[in-house]
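Peer 1: Starting from the given sequences, assemble the full structure and let the hints guide the process.
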Amino acid sequence: MRSRNTLALSLAAAATLAAAVPTAFPAAAATTADTANSRTPGAHCPQLSKKLTWYGDNRAHLQQMIDERGTCANPHLRHGHKRPVAAFDWDNTVVKNDITDATIAWSLHHDKILRPASWKSTSKWMTDEADKALTAACGTDVPVGAPLPTSTDTACADEIFEVREDGKTMSGAAAFAGKWDHRHTVPQYAWVPQLFAGHTVPELKSYAAKAREQVLAAPVGATQKVGTHEIPGYARYYDQQRDLIRTLKKAGFEVYIVSAGSEPVTEVWSGGKGGVGVDREHTIAIRSVLDRKGRITTWNQGCGDVPVNKGEAIPYIDGKRCWINQEIYGVKGKSAWQKQDRSHRIALGGGDADTDVTFVGDATGAHLVLNRNKNEVMCRAYDDADGRWVVNPMFIEPLKQKPDLYPCSTSAYNEPDGSKGPVLRGDGSVVPDQADSVF
34 MRSRNTLALS
44 LAAAATLAAA
54 VPTAFPAAAA
64 TTADTANSRT
74 PGAHCPQLSK
84 KLTWYGDNRA
94 HLQQMIDERG
104 TCANPHLRHG
114 HKRPVAAFDW
124 DNTVVKNDIT
134 DATIAWSLHH
144 DKILRPASWK
154 STSKWMTDEA
164 DKALTAACGT
174 DVPVGAPLPT
184 STDTACADEI
194 FEVREDGKTM
204 SGAAAFAGKW
214 DHRHTVPQYA
224 WVPQLFAGHT
234 VPELKSYAAK
244 AREQVLAAPV
254 GATQKVGTHE
264 IPGYARYYDQ
274 QRDLIRTLKK
284 AGFEVYIVSA
294 GSEPVTEVWS
304 GGKGGVGVDR
314 EHTIAIRSVL
324 DRKGRITTWN
334 QGCGDVPVNK
344 GEAIPYIDGK
354 RCWINQEIYG
364 VKGKSAWQKQ
374 DRSHRIALGG
384 GDADTDVTFV
394 GDATGAHLVL
404 NRNKNEVMCR
414 AYDDADGRWV
424 VNPMFIEPLK
434 QKPDLYPCST
444 SAYNEPDGSK
454 GPVLRGDGSV
464 VPDQADSVF
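Counting from 1 along the sequence shown, just add 33 to a position and that's the residue number in the numbering used here.
Simulated from the structure, these hints should not be mistaken for lab results. Any given hint could turn out to be false.
[Claimed, not checked] Straight-line alpha carbon distances no greater than 30 Å define the calculated BS3-like cross-link-like pairs of lysine-lysine that follow:
#, residue 1, residue 2
1, K157, K453
2, K83, K283
3, K201, K453
4, K453, K84
Peer 2: Below you can see the structure in the form of structure tokens.
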């Protein structure tokens, strides 16, 4: 995995991938290249497909950003000049539904989870209640390191999935407790690659590939059972996002995926046959430390000033900014958690949830948000402080209009200590409550 089992990561070469000087959607001054292109329309401007439906004038906004920041206005991008960067979240941004859930479901249905020596050792935040619940449900008859019979043991499958999905036991007790920065990580997300400890990366990728085949073949709207849980049983690549990524790449952009899922799982979906053409070098997600035999451990690679850890610094909210700054722009140490100057920020950010709000907000050209009624990110999107936010309903099974206002002025912001607070603009002013208008 590109030497990801080592403790130090070096992507200094990627530091040259800086975003170009930004322009806003409201009329930008024409450059010489723009003027030349106006005489030969489309000569250097890869176009988004007009056969695919976008909400309102969103296609036009995105096309304007592509034209202004890509090869249309900057034909020398193809000759070693600094290229603008676009970064996308994965689950429910590029694809409909959650590929982590699909992979865990397939693994539970096929007895691929190995019994740990103790459940409590799988996460530094796991509670005694969760340890006891998992031990009681999954038993101790299976030898440590052997597969648990989750395909037939409904109680064990239920308990594992409940901890992953809601951070609780089936009885409702908290599965995780203690202190963590709620803008850097969430224990049940970090627990997913830890759950696959003992497997090799190729093994985990094979499970993800089989899950992918299953959910892509299932009809839209299909569900599946995991224990007694009913979850979506299908997934689809969004045609609009596939086309957007294709067009960005043709226009000279570097395109990255930045996900809070397990990196081997995300790589199966982002690249290869049927993917969106984003290779593993451009796919960033939770990176597990491997042991000497190449097996996944419960330790993760670190970011910024956080060294190898048990889940404290995953690509989650501010953590996505850290990983982008570190891996794409070569920013080291504590500074990787900070907002960078314009030349070291992405041009386009795409997401769907509060987990994406920081890196999407860092974008200098366009902030694309798929509306899933998530408070913090939708407050930012509807406030549209810089005029560059592009809000679109989900392309498949969009949500109905949120009946009440987003509580931007009081409780939409996710504080580091886990409490809720008001969403503030860059100047410190409070974002007023927002109505849901794009659905």
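Peer 1: Which hints, by number, does the structure contradict?
Peer 2: 4
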